[in-house]
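K.L.:
Residue-level listing of the chains:
Number of protein chains: 2
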Amino acid sequence: MKNKVGREIPEEFLQNGVEVFQGQYYRDNYEYTKAAPTVRAYVKPDRNKLQNSLRETILALNLKDGMTLSFHHHFRNGDYICAQVMEIIHELGIKNLFICASSLGKAQANLVPMLEDGTITGISTSGVRDEIGRAISEGKLAQPAWIRSHGGRVRAIETGEIKIDVAFIGAASCDVYGNASGKGGKSECGVLSYADVDAKYADQVVVITDNVVPGVNMPASIKGIDVDYVVKVDQVGDPAKIAGGAIRMTKDPRELKMAAYCAKVVAATQWFKDGFSFQTGAGGASLAVTQFLRSYMDEANIKMGWGMGGITEPMVDMLHQGYIRALLDDQAFDIPAVKSVHSDPTHYEISCSEYANPLNKGAYVNYLDYVILGALEIDTNFNVNVVQGSDGLIQGAPGGHPDTAAGAKCTIIVAPLLRSRLATVRRELTSVTTPGESVDVLVTDYGIAVNPRRQDILQQLQKTDLPLCSIEELVETAEKICGRPEPIKFTDKVVALVEYRDGTLIDVIRQVKK
Amino acid sequence: MKNKVGREIPEEFLQNGVEVFQGQYYRDNYEYTKAAPTVRAYVKPDRNKLQNSLRETILALNLKDGMTLSFHHHFRNGDYICAQVMEIIHELGIKNLFICASSLGKAQANLVPMLEDGTITGISTSGVRDEIGRAISEGKLAQPAWIRSHGGRVRAIETGEIKIDVAFIGAASCDVYGNASGKGGKSECGVLSYADVDAKYADQVVVITDNVVPGVNMPASIKGIDVDYVVKVDQVGDPAKIAGGAIRMTKDPRELKMAAYCAKVVAATQWFKDGFSFQTGAGGASLAVTQFLRSYMDEANIKMGWGMGGITEPMVDMLHQGYIRALLDDQAFDIPAVKSVHSDPTHYEISCSEYANPLNKGAYVNYLDYVILGALEIDTNFNVNVVQGSDGLIQGAPGGHPDTAAGAKCTIIVAPLLRSRLATVRRELTSVTTPGESVDVLVTDYGIAVNPRRQDILQQLQKTDLPLCSIEELVETAEKICGRPEPIKFTDKVVALVEYRDGTLIDVIRQVKK
Chain A
1 MKNKVGREIP
11 EEFLQNGVEV
21 FQGQYYRDNY
31 EYTKAAPTVR
41 AYVKPDRNKL
51 QNSLRETILA
61 LNLKDGMTLS
71 FHHHFRNGDY
81 ICAQVMEIIH
91 ELGIKNLFIC
101 ASSLGKAQAN
111 LVPMLEDGTI
121 TGISTSGVRD
131 EIGRAISEGK
141 LAQPAWIRSH
151 GGRVRAIETG
161 EIKIDVAFIG
171 AASCDVYGNA
181 SGKGGKSECG
191 VLSYADVDAK
201 YADQVVVITD
211 NVVPGVNMPA
221 SIKGIDVDYV
231 VKVDQVGDPA
241 KIAGGAIRMT
251 KDPRELKMAA
261 YCAKVVAATQ
271 WFKDGFSFQT
281 GAGGASLAVT
291 QFLRSYMDEA
301 NIKMGWGMGG
311 ITEPMVDMLH
321 QGYIRALLDD
331 QAFDIPAVKS
341 VHSDPTHYEI
351 SCSEYANPLN
361 KGAYVNYLDY
371 VILGALEIDT
381 NFNVNVVQGS
391 DGLIQGAPGG
401 HPDTAAGAKC
411 TIIVAPLLRS
421 RLATVRRELT
431 SVTTPGESVD
441 VLVTDYGIAV
451 NPRRQDILQQ
461 LQKTDLPLCS
471 IEELVETAEK
481 ICGRPEPIKF
491 TDKVVALVEY
501 RDGTLIDVIR
511 QVKK
Chain B
1 MKNKVGREIP
11 EEFLQNGVEV
21 FQGQYYRDNY
31 EYTKAAPTVR
41 AYVKPDRNKL
51 QNSLRETILA
61 LNLKDGMTLS
71 FHHHFRNGDY
81 ICAQVMEIIH
91 ELGIKNLFIC
101 ASSLGKAQAN
111 LVPMLEDGTI
121 TGISTSGVRD
131 EIGRAISEGK
141 LAQPAWIRSH
151 GGRVRAIETG
161 EIKIDVAFIG
171 AASCDVYGNA
181 SGKGGKSECG
191 VLSYADVDAK
201 YADQVVVITD
211 NVVPGVNMPA
221 SIKGIDVDYV
231 VKVDQVGDPA
241 KIAGGAIRMT
251 KDPRELKMAA
261 YCAKVVAATQ
271 WFKDGFSFQT
281 GAGGASLAVT
291 QFLRSYMDEA
301 NIKMGWGMGG
311 ITEPMVDMLH
321 QGYIRALLDD
331 QAFDIPAVKS
341 VHSDPTHYEI
351 SCSEYANPLN
361 KGAYVNYLDY
371 VILGALEIDT
381 NFNVNVVQGS
391 DGLIQGAPGG
401 HPDTAAGAKC
411 TIIVAPLLRS
421 RLATVRRELT
431 SVTTPGESVD
441 VLVTDYGIAV
451 NPRRQDILQQ
461 LQKTDLPLCS
471 IEELVETAEK
481 ICGRPEPIKF
491 TDKVVALVEY
501 RDGTLIDVIR
511 QVKK
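So the sequences go chain by chain: A and B.
Note that the first sequence ends on residue 514 in our numbering; no numbers are left out.
Note that the second sequence ends on residue 514 in our numbering; no numbers are left out.
Simulated from the structure, these hints should not be mistaken for lab results.
Be aware that one or more of the hints could be misleading.
Facing chain B, according to a computed beta carbon distance under 7 Å, are these residues of chain A, among others [unchecked claim]:
no.	residue
1	Q22
2	Y25
3	A41
4	G362
Label pairs and their calculated CB-CB ranges [said to hold, decoys possible]:
no.	chain 1	residue 1	chain 2	residue 2	range
5	A	D46	B	R254	51 to 59 Å
6	A	P345	B	I488	52 to 60 Å
7	B	T464	A	R47	28 to 36 Å
8	A	P467	B	K64	53 to 61 Å
9	A	E56	B	I302	28 to 36 Å
10	A	I302	B	I302	49 to 57 Å
11	A	R47	B	H320	28 to 36 Å
Where a beta carbon is used, it is the ideal one built from N, C-alpha and C, also for glycine.
Just chain A, same shape as in the assembly (with noise of 0.2 Å):
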């Protein structure tokens, strides 16, 4: 079956209420009860959460074939815990499971040989990088993958979709009572904003820390009384890894050309006023948008009412400077970041459900004025692919993309014309990411066109000297450069599910054929 963005979607995936994508606001006002965890309650005093070692936990746990674990991404590329938990419950031959991460990447590089024995059989991700993302794309998965924005992972677990038996979350401190923070020791990651849906609707809840903190460790981002152990390992993460250090600023000629293109774009439409709010990516092209704006908001007098998003050092220096009143932070990108949320009480963390959750009463995304995004691909209907590469691996992440496109007024995708000798403006995408329908501006190093459904913007930026053109003249460029790209070849065997933010499907990925 076809769905809104041209997309056949095989039959077999439509089933148990599954739909095909129809539209980015099809699901407005849908009424739902929300799912709710079974909890074994704890009704004597002082019972003793604090485990000896993570394997008497995990035996504690009672772990059957077929479960539901969840883990979650703060720790980035350095995380220990979803390989040490999971080296143990392979050993223990458990199989059939299904992991339901926030992302996966690098650091979940030994989970390969569990998908080819059995052991993990189903996945939900947004991120599928790396190892892990070429396994999946090989097929050597036995369910094809669930893709998630950030915001579909919290709704498909507030409405039941996803059922989670065990969440397993590291921390940089936890107290005896099960208060968990990213704050603290020798592994912080800043916030905990993707375990939060984890804690409160999973029905077993482990946080697992190499800092135990005496006394009560709050602010808590996960509560004691959603946690039924705690776990002290000697290490949750690698530091190094965890939050990287400063990201540098792109000094790349073209890249800054495209960050100033897009802060013009902003500073010429109509949100751009005292308070607005406003998200960016931390690609070179987008970070440094930062640098840019803070000119045009000295011009016009005004700051901006909160910034949002993954948080990395040129938003925490804005904050700092006072040209952002607020910090609305789900993810620590650096270690700027993490100092600032646990230390400026402007710069506060907030939970994926109040980041990105469609199926909430209004999450952030709703209010966000700009979001400037990047693409691997886009089409001439303005449709986004930011989790397969143009070889036909999987190795993105929707991330907060389809989320935020479809909660801003001005959603602006940042993204060069051409990226070696392969072309981003293309006719056709290898896999639909986020719908055209949500994204408003493309800008390009060769030129910036706008979706032809936002007149009131294109009429705003007509007003400024920017190298305004249509998508297809960027599209036939991009042609007479490279060519038209040779269609890759896929197997018939569906290896992922692209799944838009509100449960419909946006597309499937197939298997390169060899």
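Take the given structure of chain A and dock chain B to it, following the hints.
P.N.:
Here is chain B on its own, set in the frame of chain A:
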């Protein structure tokens, strides 16, 4: 059917899974699936939650006969929210409503005619005082009122025993996204701990404030993602009655004597060591304990790890003087507490579920070392009544009494032996609120009795010069002075059910015979 404290519970109330009280830890390890609200999703961005008037908001809610509405009591005797909302609903002619309040008192006197005309036919509350207490005592409510502890209310909502259709949450401040707080504006109440469960479990949530703030209202006690409507009214309450000025420390020699005894009991028992946890009430003797505790703490060179509860100035002073490392606050009793929770980074707001819910994974009450509580009456089995006057009228509130008593390692009741020629220590209670098995020490002005179940505590106190005696001796002394009390005459009509925190019935209250 007789329950474990010997009270007769009529069979008609033992339906739909309601059982008689069977011991304080009867439901330990009880497994249940939490309730969850029905949510109407706000997928479309930028929905305006801000309403024009309270009346319009109430009309938008589509209220129906028989619904359950909830209110919190953080504005205490100054609350205008419940009165304003219910006046409008009364005018609309909606009937047969169930009011799930965290407490009711003087500020809700206008509900009395609504009990009489069938607008309100059921009530769940902790406190039932003043006019509304009298009306219920006189049998004016169609169904018996449910008297619940603070922890019991959260439990009843989280298990689904109470399903809230609409929560009306008064707040000192709120932003347009629905993020609400007890801070800011002319009506500060400090915290919104009791409303936390309402926001999370009600189908529709309305925040009512007199202070809509620009930007993001963070940190927020109530999250915008749980809020449907925000409405501004002229005044949420009478600031003079919301948080009283500083409470004056008692100079009553009898109260001071009992306070000194309590402090010595604390200092002489094994849990008095660095990092101990402690809660005390706002009554004269309870409050005065803090001033005697200081010198014992100096002597032992120890600090309190955390203090909890309804927080008052003496506890705030101890925090600021370094005697306490952290305060956990579920209710701000006076202006110093309100100011401190908004300014001291070691004074934390906790939800009422974190405070006292018996059926989560371990509320803070479970980790209390000491709690000092009052009593209207206590019997020779150490059962306590804090709800019903010895004249038969409902005039108190369980509050956190049964919750903290069950959780604390050492539960101390402080009460004068006699109050204006009525004995506090008696052979028979007017009704039971807290079972004697959870009460360890009774401190009176005539001596100190230790529950025979606690030989460990008795042995420790025997090493002091405290005037120990048996509770039988105390009751005999009381009877010598004021004789045996005349039994009060009641009709057969049950006007209130006294629920133990775990959902079982510990007693029923009947209508007083005139």
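K.L.:
Please name the hints from earlier in the document that this structure breaks, with their numbers sorted from lowest to highest.
P.N.:
1, 5
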